[in-house]
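**Q** Chains as they are written, first to last, in the working numbering: chain A, 31 to 788; chain B, 3 to 421; chain C, 4 to 264.
Do not take every clue at face value.
Restricting the straight-line Cα-Cα distance to at most 27 Å, the calculated cross-link-like pairs of lysine-lysine (BS3-like) are [to be verified]:
| hint | chain 1 | residue 1 | chain 2 | residue 2 |
| --- | --- | --- | --- | --- |
| 1 | A | Lys363 | C | Lys50 |
| 2 | A | Lys693 | C | Lys44 |
| 3 | C | Lys66 | A | Lys784 |
| 4 | A | Lys290 | C | Lys66 |
| 5 | A | Lys544 | A | Lys619 |
| 6 | A | Lys623 | A | Lys592 |
| 7 | C | Lys44 | A | Lys787 |
| 8 | C | Lys66 | B | Lys304 |
| 9 | A | Lys357 | C | Lys44 |
| 10 | B | Lys52 | C | Lys66 |
| 11 | A | Lys784 | A | Lys357 |
| 12 | A | Lys169 | A | Lys198 |
| 13 | A | Lys636 | A | Lys343 |
| 14 | C | Lys66 | A | Lys273 |
| 15 | A | Lys354 | A | Lys290 |
| 16 | A | Lys295 | C | Lys50 |
| 17 | A | Lys502 | A | Lys544 |
If you are wondering where the hints come from, they were derived from the structure by calculation, not from laboratory data.
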Amino acid sequence: MKIDRRSFLSLGMGVAAGTALSPLPWKLIDDISIWTQMWPWTPVPEIGEVNYVNSTCTLCPGGCGITVRKIGDRAVKVEGKEGHPINSGGVCLLGLSGLQNLYGYDRRIKTPLKRIGNRGQGSFQKITWDEAISEVVNKLSEVRSTGQAHAVSCISGSDQGTVAQLLKRFLTAYGSPNFFTMPSMQDSYELALYLTQGIQASVAFDVENSDFVLSFGSGIVEGWGSPVRMFQASSRWREGKGKVVQIEPRLSITAAKSDKWIPIKPGTEAALALGLASVIIKESLYDKEFVENYAFGFENWKDDAGKTQIGFKQFVLEGYGPDKVAKITGIDKSTIISLARSFVRASKPLAIGGRNQGRSTSGRLNEFMAIYALNALVGNINKTGGVWSIPKPGYIKWPKVEMDDVAEKGIKEPRIDAAGSASYPYSQYLLNRVPGILNSGQENPIQVLFVAGANPIYALPNTKAVKEAFDKIPYIVGFSSYLDETAKYADIILPNHVYLERYEDIPTPVGFQKPFIGLAKPVIAPQFETKNLGDTIFLLAKGLGGTIEKAFPWDDYETCLKETLSEKWDSLEENGYWIDSSLKPADWKNAFKTASKKFEFIAAGKAKDIASLFGFSSSTLEGDEASYPLVLIPYDSMRLANGFIGDPPFVMKAVEDTVLKGKDVLIEINPETAKQLGMSEGGFAKLATPVGTAKVRVHLYDGIMPGIIALPRGLGHTAYDKFLGGKGVNFNELIGSVEDPVSGLDATWGIRAKLTKA
Amino acid sequence: MDSALIPVMDDALKPKGVQRCPIWQFALWICIFGAILLWGVYAMFLCWFKGLNQTNMNDAYGFALWIWADLAVIALGGGAFFTGFLRYIIGKDELKNIINYAVLIGFICYSSALLILAIDVGQPLRAWFIFWHANVHSMLTEVAFCLSCYFGVLTIEYIPLVLENRQIDKVPFFHNLAHNMHEIMAIFAATGAFLSFFHQGSLGGVAGVLFGRPFGYREGVLIWPWTFFLFTWSAAACGPCFTIMITKLTEVITGKKLVKQNVIDLLAKISGWMLASYIIAKILDTVYWATVTVPDMGYTLKHFYSNPVYGIWILFLEIVLGGILPAIILITKTGRNNNVTLWIAVVLAVIGVSVNRWVMVLQVMAVPILPFESWYLYLPSWQETATTILPVAYGILLVMLSYRYLPIFPQERELNPID
Amino acid sequence: MKEEHKHIKAKKYGMVIDLDKCTGCGACMVACMAENNVPFKEDETDKLLSITWLRIYKLTNGKPFPETDICYLPRPCMHCEGQHGHAPCVSVCPATVTDYDMETGIVSQIYTRCFGCRYCMAACPYHARYFNWWDPVWPEGMEKYLNPNVSPRMRGVVEKCSFCFPRYQVAKDKAMAEGRREVEEHEYQTACTQACPAGAITFGDLNNPKHAVYKLKMSPNAFRLLERLGTNPKVYYISSREWVRRSGDNYLANEVKIKKL
Ligand SMILES: Nc1nc2c(c(=O)[nH]1)N[C@H]1C(S)=C(S)[C@@H](COP(=O)(O)OP(=O)(O)OC[C@H]3O[C@@H](n4cnc5c(=O)[nH]c(N)nc54)[C@H](O)[C@@H]3O)O[C@H]1N2
Ligand SMILES: Nc1nc2c(c(=O)[nH]1)N[C@H]1C(S)=C(S)[C@@H](COP(=O)(O)OP(=O)(O)OC[C@H]3O[C@@H](n4cnc5c(=O)[nH]c(N)nc54)[C@H](O)[C@@H]3O)O[C@H]1N2
Ligand code: SF4
Ligand code: SF4
Ligand code: SF4
Ligand code: SF4
Ligand code: SF4
Ligand SMILES: [Mo]
């Protein structure tokens, strides 16, 4: 064959044209590229009709109104409810991630489970509801028949709302006084309210109207109180409507948002509050109308025996002058004086306490008392912009429980924790005392334990001791929706619906000024074989029969809820909440139910003397300084849930890389302290406290006081799913339980610690 | 197949009148580089099937080791277009004695570059969208078009070489095809030179247009930043140095003189003057950038070299050692004619242009831009390293095969007569 | 000026983020993930491999205790206008995947067209673009919450904040259906704006004097990130603190006052 130039060129063009014209290569390329755009393993969300269901978020005690976007029968997004009294449209990241709790099948408990492996190992066997109920009923009957009714005990997240009250009612009808809630600052606040004002009520803060907030370590924008509401208040202050002074050893976000951050030696907040009081009194800057007419125990007074007792004035002037307080707190005398003056000069000053989120611990009573005293000195009790006491919404008006002999006998047994006894007369629940009692005793005061809406194995201080105590309890019944640490420790689990699958009433969020009830509504049908805890209680009662069964005359929980809420139900169904907007706090003439009918600085007849209420004692920290030269404190973050809910994946994703790196938590340390220890950013270290040790990494942070180190709460889970479990360290493993000397409540905060290079 | 057949076939394929190493030795080296190639191919498949998570790239380091290799290899492959330009357009006839090798090296470089790109993109099967949905504003569009066209040209330039294999040439069709292709090679060389001027430039433009990346950003004329011209210029200057370097390396390995000194000298001299003029332009560019462009954006020169890894030494290495020094050597006759200094010059020039490509893609990523960021550093994963070495092994194999079986060096027989 | 405002045709959607109010809580970040089907994986602590269309940076004033100060700065895509819509990322994309929409000022991204060359990421000085290094995987159950208005992306493509463009489409469709030509300010709000518990984010048409952003962006405390590069971003920040405002751009030692561009 001979090829000349012409045939060569035409051949070339022919080949090119032939290829181009043949559809095959083009079709193939196109098909392949389309395939890459629709990989069969990339999900295509189903479309459907859009509608919104209003409900209430229960992931923290914030009580935010939410609206859930649904597409067909899928819930696709949680949003804040516009115009809601608590959060007016705002929502936090935990609330936004709610659907990951609902649809997070890996963390959910799908059917009743019975333990087959060792405690805590997490090996369970699926059982039916009938089997589960009859097993628990048999166990309860057995315990009851041996005269041990009072040894059945319950830890509930709260004692508020119908579900918690049904649990409590169940114990009452069964014959046990041993109902417990998890600790929170509300315990101390409510106790301080009772001691100073003689009332059982909720504390409320009129933050929207305050123009000067003096915060003793409260994480105003870190989850304290009702988080979204506090954020919105904070934004008002940032618009120039108020000033915030933050007192704490670490530059928290709240401190950074505040107008002034005053670092303080950890644990000396009460002394500072008393110091400020002494300046206010010495300079005669206090609200004379209130103090002279509506307060008792400011001046020295004579008790019933005619003995002169020291009043608040003499107590602080003598013991807490600014020089002395400067030494205790490490804050300049001049700062103390000018802070006291700024506080009283403001038109609506407000002092608040409860460190960080105010949830993990009850705190020290003297601190709350001192903070209350500051508020009293400026007369902002029950005033616009001040601290209020409001009645708890008393809608639960069930008939009194009819008790059989066993119940009558059991309920009269002393409480395990001695709450309400002569030793701790004013405290309702002292769960913090229980692990110690169980671990030191021979007998088992608890035969059966119910756990609902709480994760004590994770969330109580000194995890090891808590586990040890739980090991002594022969039978643990969990009601959790999630396979959390405590559920993993249970012998049997009767899983509750997730909040988006159930009805529930959510009464007044922490610190809110109006009586309020939010309604959680089923947004979608239950995903699994779970039951509303209310219904589970009814089934158990029915199984036990007799007076116990009679105590629960409702067909089901929904009926019970509707009946209980009676005339409020319509408003709840329609708006998702009920509010008593008309409530105004009682005026000074009527507010106080103490013997003196006044605000009492000295809790006459209740406290031994004034020093026992307010007295500051230094060093309440466990551990000796020589072996443990540093002080470890916890900090809370919106990005780390630390209660009975653990971070869902989206929230974990938001955790900063200066907090968690891979599976290692970073401990905050001042660069100066780190230098002394020869540590640098990201380096590994061994953290030791008198209670435990942990491997951590170091994060240098200028915002923390030298000599102090800080760990976040909310990590170190050993349960849930791979997105949360096995990451970081649980702060509670490193800290011992500290009991408040007056109230007996949990006052755990910091601990002495040592950090060595690893 | 009977193993005894192999030496026979090998003999039949080798060009006449030249000496080649024994087949076992050849086979051994093929195996060694073949193994490296396979390692790279394995890594390549990992990247394709498991995705780019196999690399240590991240959201700050979207361009990494192999993109540098890509740019470097294209710059070094510049010997092909520039030698072609000199031979066919300027008419430097002596260069016909090195053009084949320049074309081969260019072919290797460009096919490697395309392969790397095919591994680098997250969706290789959609890579043709660059043509289908072409964005005329994008330097990368320009790069893609010119690069693929020029690869076509190089293939066309390389094919006649293959056809000249002793056995293939026996087939009249291929013989005639080769002949005809040679006849029109000037057209392709001209097209190739034109395309190359542009895509080398647009590669320079890739970093130069990034006005969000002050370290790479350059002002310029019309739509072209100065780096557009600097890249073309430096490729034209250093590409031939690479051709010389590889030629000399081949000579060392084969133990034979393959190209006459006058040819090398001519290419070296032209490179030298190109490099000298380039480095003056580069210095002017750097000074203008450092004293006008960057301060306007709020940065100082020091900012860009304030990292222990990315220190000012890089600038010294690139400009002084990799630019000024080889330029001086190559423009002086004594420098060119001394084997040692010539070696030093071409190696330094190759390093210089490679460092330039490194800083223009990788240091650009490493420098903090927002005041609250810090430096981003990155170390390649083994998969990246293997896929980057893959083209090197492939190049060596192709050179070995081409040298053994194709008449690459027209002067070989004359310089190495066999009796 | 007056004339110009009367005949506004094109919108210029933008954001003003008040850093005095922002608490760094991360709600905006999560709202975005929930709205836009952003995937997650077991370990998200390497922030260079973590897709967060809106990332929150923690800024510090660099001073030692107790003069230390910190500020959080949420960073969505800035939807840079550049010069006449030549955003840094837009002009570089070879396949016209990302585009500056002249009608809204939104910088779009077509995931199914992106072939993953990552040139746009190199071009973006804000690191607002994220590459899907892995196949997105939703653990069993979680695919149920996926929003059908936003298509899940596949491995090998780049994604970024869209100013919740699908929400604009929904709002526009609704307006059209009701015979209106204009989308009201409240009808089109981004997921992050809507969620922010501190009310720190304001979103709207920067060209429309009736929208809140219009006035806010004129605040003497307003600034944009890296204005000096000429990216012309549409996200403004407000801070009463000088050091924060100064952290928004780079300055030479002799530039004492922040230059307003
Ligand atoms: N707003 C808000 N929402 C919450 C919480 C919250 O604290 N506040 N907590 C969250 C948590 S953690 C949980 S566990 C759930 C459950 O929270 P709930 O257990 O539902 O708690 P509350 O809503 O505080 O309480 C409801 C009401 O019960 C009434 N009550 C209190 N004691 C008694 C009593 O002895 N007898 C009778 N008859 N009534 C009594 C009070 O009026 C109180 O207001 O809600 C969740 N949601
Ligand atoms: N006196 C009195 N004591 C009480 C109560 C009471 O009403 N009165 N209430 C009881 C109740 S209901 C409970 S459950 C316990 C509380 O006790 P815990 O069992 O400790 O539970 P919570 O802290 O409510 O759990 C909710 C979790 O959500 C997380 N969370 C809250 N806000 C945010 C946020 O903004 N961001 C992130 N990331 N996470 C957040 C927190 O980390 C918190 O751990 O207190 C109990 N104690
Ligand atoms: S603050 Fe609490 S109640 Fe409100 S959305 Fe967040 S988790 Fe839910
Ligand atoms: S949600 Fe609001 S306050 Fe929270 S980080 Fe985002 S912008 Fe800041
Ligand atoms: S911020 Fe980055 S991704 Fe967004 S428009 Fe600007 S350059 Fe593009
Ligand atoms: S990665 Fe995608 S969007 Fe970015 S430049 Fe490449 S093709 Fe365009
Ligand atoms: S505007 Fe929409 S897409 Fe952008 S960061 Fe906010 S929520 Fe995400
Ligand atoms: Mo609770």
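**Q** Among all the numbered hints in the text so far, which are the ones the structure does not match?
**A** Going through the list in order, the structure violates hints 1, 6, 7, 9, 10, 16 and 17 and respects the others.
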